[in-house]
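Undergrad: Chain residues, written in single-letter form:
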Amino acid sequence: MTIHEPLTESPASPTNPGTPASRGGLSIRGLHKSLGGRTIIDNLDLSVKEGELVSLLGPSGCGKTTTLRMIAGFLEPDSGSIEVEGQEVSHLGAENRPSAMVFQNYALWPHMTVAKNVGFPLKLRKMSKAQTKERVEAVLELVSLLHHKDSKPARISGGEQQRVALARALVQEPKLLLLDEPLSNLDAKLRVKVREDIRKIQQELGITTVIVTHDQEEAMSMSDRIAVMNAGRIEQYSTPEALYARPETEFVATFIGSMNRLAGSLVDGLITEGPDILGIRPEDVVLADAPFAGAVPATVERVVPRGHFQEVYVRRADAQLRSFVSSELMHPGQRTYAGIRKAMTFRDGRLLGEAGAAR
Amino acid sequence: MAINAGSRAASRIRRPLTLDSIVRSALVGLFVVLMVVFILGPLLWLGVRAFAGNWTFPHLLPDDWTLRWWQVVINDGALGIAVQNSLFFAPLTVLVSAIICLPAAYAFARFEFPGRRFFLISLFATNAFPKMGLFVTLAALFYALNLMNSVLGILVVHVLGTVVFMTWIPAAAFAAVPRNLEEAARDAGASKLRVFASVTLPMALPGIIVAAVMSFLASFDEAQGTYLVGAPAFMTMPTQMYSLVLNYPTQVAAVFSILLAIPSVALMLAAHKHILGGQLAEGFQIK
Chain H
1 MTIHEPLTES PASPTNPGTP ASRGGLSIRG LHKSLGGRTI IDNLDLSVKE
51 GELVSLLGPS GCGKTTTLRM IAGFLEPDSG SIEVEGQEVS HLGAENRPSA
101 MVFQNYALWP HMTVAKNVGF PLKLRKMSKA QTKERVEAVL ELVSLLHHKD
151 SKPARISGGE QQRVALARAL VQEPKLLLLD EPLSNLDAKL RVKVREDIRK
201 IQQELGITTV IVTHDQEEAM SMSDRIAVMN AGRIEQYSTP EALYARPETE
251 FVATFIGSMN RLAGSLVDGL ITEGPDILGI RPEDVVLADA PFAGAVPATV
301 ERVVPRGHFQ EVYVRRADAQ LRSFVSSELM HPGQRTYAGI RKAMTFRDGR
351 LLGEAGAAR
Chain Y
360 MAINAGSRAA SRIRRPLTLD SIVRSALVGL FVVLMVVFIL GPLLWLGVRA
410 FAGNWTFPHL LPDDWTLRWW QVVINDGALG IAVQNSLFFA PLTVLVSAII
460 CLPAAYAFAR FEFPGRRFFL ISLFATNAFP KMGLFVTLAA LFYALNLMNS
510 VLGILVVHVL GTVVFMTWIP AAAFAAVPRN LEEAARDAGA SKLRVFASVT
560 LPMALPGIIV AAVMSFLASF DEAQGTYLVG APAFMTMPTQ MYSLVLNYPT
610 QVAAVFSILL AIPSVALMLA AHKHILGGQL AEGFQIK
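Chains H and Y, in that order, give the protein sequences.
Quick note: the first sequence uses my numbering, first residue 1, plus one each step.
Quick note: the second sequence uses my numbering, first residue 360, plus one each step.
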């Protein structure tokens, strides 16, 4: 893919250094939405810095798509403010907002060619034919689809349709790019490639971007920051690394990565009865042939091959634990020693603290 | 999958004379015979009849051939007027019906309002009763309103017959336009009117064309109501045919039937290409 910057020449471009950094990006305050008497979004605050890519991540029904549709202007919030580059937009219709959206199923107009689809927003802005053609070709070049400019959307593959949808959004030089589950209709291999393409283009153009996804891997690999949503609220808003290493709530710890979730407390490396919830990452369950500090004898119960590592279920006297082993091949029935290197303790769903044990 | 099924079918064809294949070809044969006898048969008879002089039982073909009946029809002065009237009323009916029904169809497809289902179902009412009964009561009303033997009166009768097609089919076509295609246009900066003109209407167009063709044909073939309301001041092709059938030998009716079929067949052929080649026939990724 050849990346150049045909879109940054315009003064409307988000990378334009003229605007002070503090005013850029997206700022949502006190957003509230009920539908049919049910609260969908509950007093949501979110701020996205200029040029930042933020994912709204959560299970289905958590309100992430509703939030995105309110930002785009397809849904009216009951209360709260939405500011894009310092401009209040919540009272504007979708057609007057400085944002552009890429829809989950791409929403390309089947009766128009690829070039017509991408050129439509410019036609609405009454741009001259020659200039439209130039801009459309530049942006199609950016997503490497120039050879398909005269094809109808039905004649090109899903991945290509996805890139046309992206091009149609980018050609508008939006101050804010919104993507609704952009990769969910692509197969696994293509998904990895397209997400890298999107990230690359986003960083090249420096567009403030919000992505809605339910796929934690997708969110982790693309985002500057992730807002994990649950039941209409943001549970935690931080970098992908922090989200995994220091989840603030039990929900985040369970949703991001995988975890041994056990009732009780960790005392001297042993799990004892208690009112709290213990969260132990599988990589913090250490297995060894010989006893070591904090280790307890254990038996391998089940081994699930996962390619470059194995998922091993071991039974200790106090609990069953799941561990990831990449060095040696384990087999069911094998005797081993299992120690807990690190555990998170949750009370009422909130993180209390971390307890180290082994080593 | 498709290749498997294909090769399985091919191997079945190569293996002759199983009971299965005999029954199957017998059924296909029966179907073909029925089609020929009941659909092609009458048409064929009509075609031959239009050129027949004497045709006596039990001969399979006429005793002699003639073009006399065509002359009779073409020289009949009333016919030219009937053709003109038909070609006047049918397009006008489609136009008026579209102006009245298409906005209604859009409303049925896109808005939820009280009585929506009731109105949608009640459109069938005009087709649920015997036509003649409806027209007789209509005629009583038309006498009171002084609409008998008037263009407006005939137009009302014709439009009534097309309301169901012109509402239901375009309503289904509008409803089938995915919402997020409209939202994408809004997002691109289009006003609501522009969204309708650039996305909704072009995508619903094949359905609207089908409805227009059906309305045109319905108006073109409408005879009972037109006869009651319009005769003798306004004779259209179908009403003219009634008097021809009554006053001339059957050969004249045959000639006239063929003439009456020409516009319908031409329109069908023209529409056929557009509808099958239309956007709705193309697969596109919509959930």
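Don't take every hint at face value.
Dumping the calculated DSS-like pairs for lysine-lysine here, alpha-carbon to alpha-carbon at most 25 Å [claimed, not checked]:
#, chain 1, residue 1, chain 2, residue 2
1, H, Lys123, H, Lys189
2, Y, Lys551, H, Lys116
3, H, Lys123, Y, Lys490
4, Y, Lys490, H, Lys129
5, H, Lys116, H, Lys126
Quick caveat, the hints were computed from the structure, so don't treat them as lab data.
Undergrad: Compare the structure with each hint and give your call.
TA: Checked hints:
1. H:Lys123 to H:Lys189: Violated - the C-alpha atoms of Lys189 (chain H) and Lys123 (chain H) are around 35 Å apart, more than 25 Å.
2. Y:Lys551 to H:Lys116: Between Lys551 (chain Y) and Lys116 (chain H) the Cα gap is close to 19 Å, so the pair holds against 25 Å.
3. H:Lys123 to Y:Lys490: Given pair Lys123 (chain H), Lys490 (chain Y) is violated - Cα atoms ~50 Å apart, limit 25 Å.
4. Y:Lys490 to H:Lys129: 55 Å, violated
5. H:Lys116 to H:Lys126: 14 Å, holds
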